[in-house]
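Visitor: What follows is the residue order along each chain.
Protein chains: 2
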Amino acid sequence: MNAVKPLRLAIVGLGTVGLGVIRLLRENHALIARRAGRPIEVVAISARDRSRDRGIDLTPYEWVDDMGSLAMRDDIDAIVELIGGADGPALTLARQALAQRKPFVTANKAMIAHHGLALAREAEAVDVALKYEAAVAGGVPVIKGVREGLAANRIERVYGILNGTCNFILSTMENEGRDFDDVLKDAQAKGFAEADPSFDIDGIDAGHKLSILASLCFGTEIDFGSVDITGIRHVIAADIREAEALGYCIRLIGLAECDEEGQNIGLFQRVHPTLIPLDHPLAHVDGALNAVVAEGNFVGRLFFQGAGAGAGPTASAVVADIIDVARDEYGPAFAMPAEWLQRQVKADAGQRVGRSYLRLRVKDRPGVLAEITAAMRDAGVSIESLIQRGPDGVEGVLIAIVTHATEQARIDDSFLRLAGSDSLIDTPMVMHILD
Amino acid sequence: MNAVKPLRLAIVGLGTVGLGVIRLLRENHALIARRAGRPIEVVAISARDRSRDRGIDLTPYEWVDDMGSLAMRDDIDAIVELIGGADGPALTLARQALAQRKPFVTANKAMIAHHGLALAREAEAVDVALKYEAAVAGGVPVIKGVREGLAANRIERVYGILNGTCNFILSTMENEGRDFDDVLKDAQAKGFAEADPSFDIDGIDAGHKLSILASLCFGTEIDFGSVDITGIRHVIAADIREAEALGYCIRLIGLAECDEEGQNIGLFQRVHPTLIPLDHPLAHVDGALNAVVAEGNFVGRLFFQGAGAGAGPTASAVVADIIDVARDEYGPAFAMPAEWLQRQVKADAGQRVGRSYLRLRVKDRPGVLAEITAAMRDAGVSIESLIQRGPDGVEGVLIAIVTHATEQARIDDSFLRLAGSDSLIDTPMVMHILD
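Line by line, the protein sequences are chains A and B.
Start counting the first sequence at 1; every next residue gets the next number (the working numbering).
Start counting the second sequence at 1; every next residue gets the next number (the working numbering).
Isolated chain A (complex conformation) (with noise of 0.2 Å):
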C-alpha cells in the first residue's frame, strides 16, 4: 500500500458535518486506506470562520481563507462541499473544482436539487466524479443503491420519508398524542429542528431529495420546480388518532412515478404528509429515521432504511463518496450521460386516481354534514368511511373522511364547492392514502 499515491482532499465546510467527516477519516484511516487501495488525506480545509472553537484538533491540515485557490492546487486530488446552500459559494466552489478538473463530492441536497443537471454535465465534460451520496437519506446508501443496485430495473416507484425532523415531529405527536406547535418547540429545543424550520416542515428539503431520486430512477432531467409540496404544518392530533382508528399512520412521504411507456402521464413528484397502512414496512421507520422504497419491475419492492442526518451517518455517506473517487469507480452523475436524461413532463396531478383521507373542522350545528356529503357529491367524490366526533380538544366538530379512489381533481372540486362556507371552521385537509 506504501508505493500507492494517495488521495488528497481538501474540506470545504467545517460545520457538523464537515467535521465529521474529518473525525472518521481520521478514526478509520486505516481501514479506509485498505478498502479504498490507497490512503485518503485531507490537505487543506477552508470555512467562514477560521477563529471559532469547533472542538477539534485542525491543525494538522493547512487553514486556507480563499477557498476557489484550493481547485488550482497541484497538491489536491479532490474537493469535498460541505458548506451548503444551493447557490454562493458551494456553487462557486463546484464550479471551480470541474473545471480544473477536480473531482467534486459534496452532500448538498438544494445544490444538486437546483443545479444538479448542469453540474453534471460539466462533470462529463472533464470527466471526473460528482458524487453526492449524502444529499438524500444521509448514511444510507439509496443513491448508490438506485443508481447501481437497481439499475436493471425499470423504476416504477420511487417513494420514502427523506426528512428526518418530519418524521420526529410526526412520530412524536403520534407517540404522546401531542399537536403539531407543542412538539415542534420541543424539537427545537432539543435540537432536532432548526431555529427557522420552515425548509424541514414545509417539505422542500423532502423536495430537493425526491427531485434527485426521480432523476436517478427514471433517467429524467432533474426538475426540482415541477415538485408538489405539502408540508406539516396543518397535521393535528386528531388526524393522527383518526389514521390510526383507521388502521394509518401519517408520515411526511416523497413520492415519484414516471411513464417511460409513452402513456403520457409525465413526472408525477409529489411531497405530502400521507397515511400509510400498518402493515407496510414505512409505518415502523420511527423518530429522525429516513427510508426510501423502490419498486422496480423484476426487482419489485426494496427497502433502505437508517440515519437520515446527523454527523456520523452523513459523514459515512460522504466518505463512501470519496472512497469510490479513490478507487475509480464512478461514472456519469445521474447513472447515464446527462445528455441522455430525458425532459419529462409534469404530470396532471388532477388525473391520479387514490383513496384519500380529507378532514373538516366544522360549526356545531345542523345541517353541516348535509352540506359537506352535498358538495362532495356534486363533485362525484365516493365516500369509503366518515367519521363525526363532537368536540374534544378540537375546536367545532371534526369530521374524517375516506373517499374511494377518485381522481385527485374530484376532490379539489369538492373543496372549492365548500370554499367560503361559514361552516368550516378552517381550510379543510386532505391526504393521500398509499396503496
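Calculated from the structure, these hints are not laboratory results.
Among the clues, some could well be false.
DEER-style ranges, computed between Cβ atoms [unchecked claim]: (1) G55(B) x G191(A): 33 to 43 Å; (2) D435(A) x D179(B): 29 to 39 Å; (3) G247(B) x Q188(A): 29 to 39 Å; (4) P6(A) x Q100(B): 30 to 40 Å; (5) L278(B) x D75(A): 26 to 36 Å.
In the DMTMM-like style, the derived pairs of lysine to aspartate or glutamate whose C-alpha atoms are separated by at most 25 Å in a straight line are [claimed, not checked]: (6) K5(B) x D127(A); (7) K185(A) x E174(A); (8) K5(B) x E339(A).
Backbone N, C-alpha and C fix where the C-beta goes; we use that ideal spot for every residue, glycine too.
Based on the hints, put chain B in the right spot on chain A.
Guide: Then chain B, alone, in the frame of chain A:
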C-alpha cells in the same frame, strides 16, 4: 450510443435464474443500454440439456454444448454462471473464464462461500471483475451496500434473514399456529421449498451467505467452515407462542461479529433460530423476504429489505453486476485486494454473553422443575422468567425459560447436567435473543 461497443455475454445455466436474466435483458434492453453506457447482448448460451422446453424462444442465441469453449472465444466479453453448486462445472467454468481474462458474474453462493477467496485471487491476478451480488439476499443490493455504501465504516455487526424458505416457514407457523412438518409439506407443494429441503432448513444456505457478508464487512478471509449452524427443524409451534407472549418473534438469523481492535475475540459467525424483539425492523420481515442489518461505527444501523429469491429479483442482481462490468466500475471482489484480507481465528462461542430462550419438554411428574432449576443454578445460569404450561397439544409439559445475560458456555453446561435425565422427553432447545 451506436458507436459504442456492446458488452457480449455468454450465459451458462438456463434454470429459473438463467431464463430470468435472459428475459430481463430482453425486456429492459433499451433502458439498460442507457444506464450501462452501451448495449448488453447475449451471444451464446449453454446448459446441460438442450432439448428441454424452457418456454422461451432461445433461437436468437447460439447454443454451445462445450461450455469450456466459451472462455476461449474472442466474441464473448464476459461469462455469466447460473448453474449452481460449490464445485463441478460451475467452478471449472469460473477458472476457465478468469484464466482467459473474462469478467465473471455469478449467483452461486455455495461456490463463493467455498472458493471465493481463491477465485478473487485469480480475478485480481488478471485484473478482471468477479461479481456475485445475487449470491446474498437475492434482489437486495446488499453486497454493493456493504462493499461500497458502508466502505467508510468499521462494521461492528452484520446480521439478517438470509433464507427465504426458512422465513416463509417460520412466519407461516407464526401466522397460522401450525407446526413445522405440516408447514414444510405445504411449502414444498407450493414450490417455496425444495423436495430435499435440508440445504435451506438446516441453515447451510444462510451460512454460505453469512460467510460472504462477514468477509466483506470485516475484511477477513471467507471462512464458511467456522460458521456455527443450527437450522429450524426443531422449532415447534409452542416456541413461537411462548416467544410471542414474551414480546418476540422467531426468525432464522445469520449473525457475524469480528473484533478488529485486537481484543482477540476473533470472528464469530452463527446461523441460529433467534428471538427478535417485536419492535425491531427484522420482526416485520415476513414470507420469503430477506433482510440485512449492518451496524457501522459512523453510520449506525442500516437496514436493507427485499425479495431474497425468485427469477425476477435474482436476475435483477445478476444484471446489476453485468452493468457494473459494462461500465467498468468494479474493483477487488471482497472490497480490498485478497492479499489484504485477514485470516481470523474462530471466536469462542461459549464466551459470548447474551440472553437466551430455553425450551424443555418434560414429563408431568413432581420434582422435574426442581431438577431443571437446580441444573441451571449449578451451571451459573440465572433465570429472568420461566413459564411452565400443562399439556396443550404438546407431549408432556413445556417449560420456557428466558435467562439473564450469561455466557453461552454456562447454558451448554446446564444442558450437560440434564443430559440423560429421564425427566426430559427430548433434547432441550436453546435460541438466542437479539438485543
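Visitor: Now tell me if each hint is right for this structure.
Guide: Going down the list of hints, with the structure as the test:
| no. | hint | result |
| --- | --- | --- |
| 1 | G55(B) x G191(A): 33 to 43 Å | violated (59 Å) |
| 2 | D435(A) x D179(B): 29 to 39 Å | holds (35 Å) |
| 3 | G247(B) x Q188(A): 29 to 39 Å | holds (34 Å) |
| 4 | P6(A) x Q100(B): 30 to 40 Å | holds (34 Å) |
| 5 | L278(B) x D75(A): 26 to 36 Å | violated (55 Å) |
| 6 | K5(B) x D127(A) | holds (19 Å) |
| 7 | K185(A) x E174(A) | holds (16 Å) |
| 8 | K5(B) x E339(A) | holds (19 Å) |
The structure fails hints 1 and 5 (numbered hints given earlier, in ascending order).
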